[in-house]
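Protein chains: 2
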Amino acid sequence: MKLYGFFRSSAAFRVRIALNLKGLAPEQEFIHLRKNAQSSPDYLQLNPQGLVPALIDNGAILTQSLAIIEYLDETHPQPPLLPRDALGRARVRSIAQAITCDIHPIDNLRVLQFLSKPMGHDAKDIETWFNHWIKIGFEGIEQTLASDGKAGKFCHGDAPGLADICLVPQVFNAKRYPSFDLKPYPVIMRIFDACMAVPAFDAAVPEKQPDAE
Amino acid sequence: MKLYGFFRSSAAFRVRIALNLKGLAPEQEFIHLRKNAQSSPDYLQLNPQGLVPALIDNGAILTQSLAIIEYLDETHPQPPLLPRDALGRARVRSIAQAITCDIHPIDNLRVLQFLSKPMGHDAKDIETWFNHWIKIGFEGIEQTLASDGKAGKFCHGDAPGLADICLVPQVFNAKRYPSFDLKPYPVIMRIFDACMAVPAFDAAVPEKQPDAE
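Chains as they are written, first to last, in this note's numbering: chain A, 1293 to 1505; chain B, 1293 to 1505.
The set of hints was computed from the structure by calculation and includes no laboratory data. C-beta atoms are modelled at their ideal positions from N, C-alpha and C, and glycine is treated no differently. Some hints here could point you the wrong way.
To be verified - No farther apart than 16 Å at their CA atoms in a straight line, the calculated lysine to aspartate or glutamate pairs in the EDC-like style are these:
(1) B:K1409 with A:D1417
(2) A:K1500 with A:E1321
(3) A:K1409 with B:D1417
(4) A:K1475 with A:E1431
(5) A:K1294 with A:E1319
(6) A:K1327 with A:E1505
Stated by the list, open to error - These stretches of chain B come out as covered by chain A in the derived footprint (C-beta under 8 Å, 3 or more residues):
(7) 1334–1342
(8) 1418–1432
Okay, chain A solo, but in the shape it has when bound (with noise of 0.2 Å):
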């Protein structure tokens, strides 16, 4: 098993810290989002889409940080990433990709790049943008975790998954920013303590990476 990440890119964050509560070890290689290294012809031959995180696997390639997740998941079951109903499923699934889908990717480094060039906004404009879908996203979500009954030590329940894997680094981008405030998303903050706690989460962080800078 080998995974192609980098050291700040979220999305490798995420399978990071998959890979540690699952105890697998892969090789890794790092690809620099900065200088770019992702459009290079010998990794978009490995994957297309020219994103980190791609993991290897017998020979097959992943991309895609949750499709990656939930295979880690259905092929090492133990611990289990998502819960054993469907509703409970579709309840961590739908926190997850609140993430993914709907705040990480519109902040994601490429598009603030376009922002800047050629869109030509300055620093000041991309913060606004950069923090402005964090807190719409962070809203709904500390309104699901605090509402409905569902949350425990952790998003749901008492033992981390699938939506604590993907909100641990969208904290860590809500917290570029000190303009950002984090004091209205007391429970996202209590789980991402929680979470920090555990060694699977800690080690997977960006500054323990043997690519950080």
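With chain A's structure known, arrange chain B on it following the hints.
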């Protein structure tokens, strides 16, 4: 079962296709996104994320289109929307997520509205933005479909599934501006045409919905 949707929403379009493939015809309620009905207190009570679609099944509220479709596939297994093998499921989910994470949210109505105000962009800028993200995404998907030997009549073999369900609404979006050239994507368009010949896809198109304008 009750579906909250909007004829122009790509995410609701996906769920309509899945429901049609499963032979399910829930009651429908229409949330007019251009009139901001998704932000009404009543709808936010139902879905704090303020997005469509939402599905109510036996009193439970489900949100996020992919989570809803996987739930439908688990609770109504025939016909299956995902392959039986873990690698096949990972491939189909990856193609689906290449659209639902990395194209569609960046081009979503609320993002385009934010580009207009407060970001100050005109219609021409927004068209450039809109087409740019589809082009980047389609290039990767076309390459995958054309080269990995897994596509058949549809994205994965010869039966329609989750990847096709996500691809078709995105092709509808790609046709929004005549300036977007679909010729570089012959495999995507061949599969799109095969899907549109399936009644479950055809009946789900925006202009055939009761709330179409």
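A quick look at each hint next to the structure:
A C-alpha spacing of about 12 Å is found between B:K1409 and A:D1417, which places the hinted pair at or below 16 Å, so the restraint holds. Taking the CA atoms of A:K1500 and A:E1321, the gap is near 15 Å; set against the 16 Å cutoff, the hint holds. At roughly 12 Å between alpha-carbon atoms, A:K1409 and B:D1417 fall within 16 Å of each other, so this suggested pair holds. For the given pair, A:K1475 sits about 11 Å from A:E1431 by alpha-carbon distance, which is consistent with the 16 Å threshold.
Restraint check for A:K1294 and A:E1319: satisfied, since their Cα atoms lie roughly 5 Å apart, inside the 16 Å limit. For the hint pairing A:K1327 with A:E1505, the CA-to-CA distance comes to about 13 Å; that is within 16 Å, so the pair holds. Residue count for the region 1334–1342 of chain B with a Cβ under 8 Å from a Cβ of chain A: 5. That meets the three needed, and the coverage hint holds. Three residues within the 8 Å Cβ limit are the bar, and the region 1418–1432 of chain B against chain A gives 7, so the coverage statement holds.
Hint compliance for this structure: every hint is met.
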